[in-house]
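Number of protein chains: 2
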Amino acid sequence: MERLEKTRPDHPVARCRGFIFDVDGVLCRGEDPIPRSAEAIERLRRGGKKVVFLSNNSTKSREDYLAKFERLGIPVVEDDLVLATYATAQYVAREKPGAKVYMVGAPGLRRELELAGLELVEDPFVAEYVVVGSAFDGTGRIREDNAHRITGALRALYHAGAKFIATNPDRIFPAKDGVIPGTGAVIGALSYMLDRQPDAIIGKPSTHIVEVALTRLGLPPGECAFVGDMDTDMLAGEKMGMTTVFVRSGAMTEEKLRSLGIEPDFVFDSVIEMLAVEG
Amino acid sequence: MERLEKTRPDHPVARCRGFIFDVDGVLCRGEDPIPRSAEAIERLRRGGKKVVFLSNNSTKSREDYLAKFERLGIPVVEDDLVLATYATAQYVAREKPGAKVYMVGAPGLRRELELAGLELVEDPFVAEYVVVGSAFDGTGRIREDNAHRITGALRALYHAGAKFIATNPDRIFPAKDGVIPGTGAVIGALSYMLDRQPDAIIGKPSTHIVEVALTRLGLPPGECAFVGDMDTDMLAGEKMGMTTVFVRSGAMTEEKLRSLGIEPDFVFDSVIEMLAVEG
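From first to last, the protein sequence lines stand for chains A and B.
So for the first sequence, numbering that gives the first Met the number 0 puts the first residue at 0; every next one is plus one.
So for the second sequence, numbering that gives the first Met the number 0 puts the first residue at 0; every next one is plus one.
Heads up, a few of these hints could be off.
Listed below are the simulated DSS-like cross-link pairs for lysine-lysine, each with C-alpha atoms no more than 30 Å apart in a straight line [as the list claims (entries may be wrong)]: (1) Lys67(A) with Lys175(A); (2) Lys175(A) with Lys67(B); (3) Lys162(A) with Lys162(B); (4) Lys175(A) with Lys99(B).
It should be emphasised that the hints constitute simulated quantities derived from the structure, not laboratory data.
Looking at chain A on its own, in the form it has when it is part of the complex:
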């Protein structure tokens, strides 16, 4: 508690009551924890700060993420986790409680849609919403249960006039044998066929996911900081009027960030460095 109080008044730790942390590149790199990230979170919490963890992940449920955080040594309950799967389910459930949803994606997305009280339908002609995440597995193969789902989603949008919601706009990810598709492959396929963009994309750099995270924090954006390693983090935080904190521990260099015309409020080497500043 004392060390936090020694920060200067303009320091993010002094001026913010709530923190949204991006996960990959901020707390970990893939399966490897970033040194002392767990300690930083613990100290913030002991200092009375509220924290949530935000990820554009479109394939995992919050239940799936509990084990990941256990490996990182960061104690969490599901309510601390704001994944794109969860935020998408919340977005649709808020717009139309109990809506009939036709989904493209992984079991983790299905689970969150169910937990949000939405009705998963297999008949595209009765769908009110199409929700799309990644249709591919970790090797880049279309998941067996998704082999007919791009066409199902097309039919729900074309014939049934469903709304079109995407978990995130992520294009590609590195994997063992080369890049694999993100949710963007499904967005692109449907957008080209229908000459229509999604009605909403929930994940960063969209602010929809940040709004869900702020609801979890129960604080106004002006009292919260977004801590991330990517342009999309800074853009999402900035658009919401939050304090933006860039850490150099992730995939993007500070030079690259600035070359994109983005000026974060603060820059640190890593999350523990954000806590290391004294008086």
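For chain A, the structure is supplied; the task is to place chain B on it using the hints.
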């Protein structure tokens, strides 16, 4: 022969030596022949005109189409058929003979690529060209052998710097239980992920397929007519400087065509009507 000679000098049958016929909506509707279309073709041929048949089909080889034309009662050899599969293979083979090609699509596309002397590769990292057709079957399910191919194509384009060629830009098709995806689904998925359009699209309204058809006719475009039922037919013919002939027997009304700002040189109810005009 005599009847053809009775046409006025400005009539397409008088002023053209070669004819490119679109297939669906012009000679047939799905499996049903359009009345007297076979007779019209026969009379043109007897009048000394050269004819080829052109289709944006991305899943069938010319061998596959022979049976279709037998059912229509129109005698053809493979050289009379200019399908998008074949035209795409010709385009790549002309640009780089024997090129290493990674393909997404149906067996008919594979067959035409092989017949054109191209080398089909399964390793995306050695590909010089990515050729995409439809990855879906007639029920809208991704073909089993294509489940990993969108990722393979992505890797060939992203890691190996392959050229990106699409058989056609077709978006969707009607099918028994609702619409199914065309090649556009694959183009859209790859374009979104890579933020890059295809280097070439061969099918209508592109002129690449028409150039291949004119090569088969062995005549300059000014001496040939494009006979079709869609805006894409008229656009492709017009861009090449051909006489354009619109028939009302297909999917598009003349009003719709003109509302798109397209003015064909001639309009007939059907192909037999094109032959019915006397002195």
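Against the structure, the hints:
Our distance criterion of 30 Å between C-alpha atoms is met by Lys67(A) and Lys175(A), whose separation comes to about 19 Å. Between Lys175(A) and Lys67(B), the direct Cα distance comes to roughly 45 Å. Violation of the 30 Å bound is thereby established for this hinted pair. For the given pair, Lys162(A) sits about 35 Å from Lys162(B) by alpha-carbon distance, which is inconsistent with the 30 Å threshold. Between Lys175(A) and Lys99(B) the alpha-carbon distance is near 24 Å, which keeps this suggested pair within the 30 Å criterion.
Violation of the numbered hints given earlier is confined to hints 2, 3; the remaining hints are satisfied by the structure.
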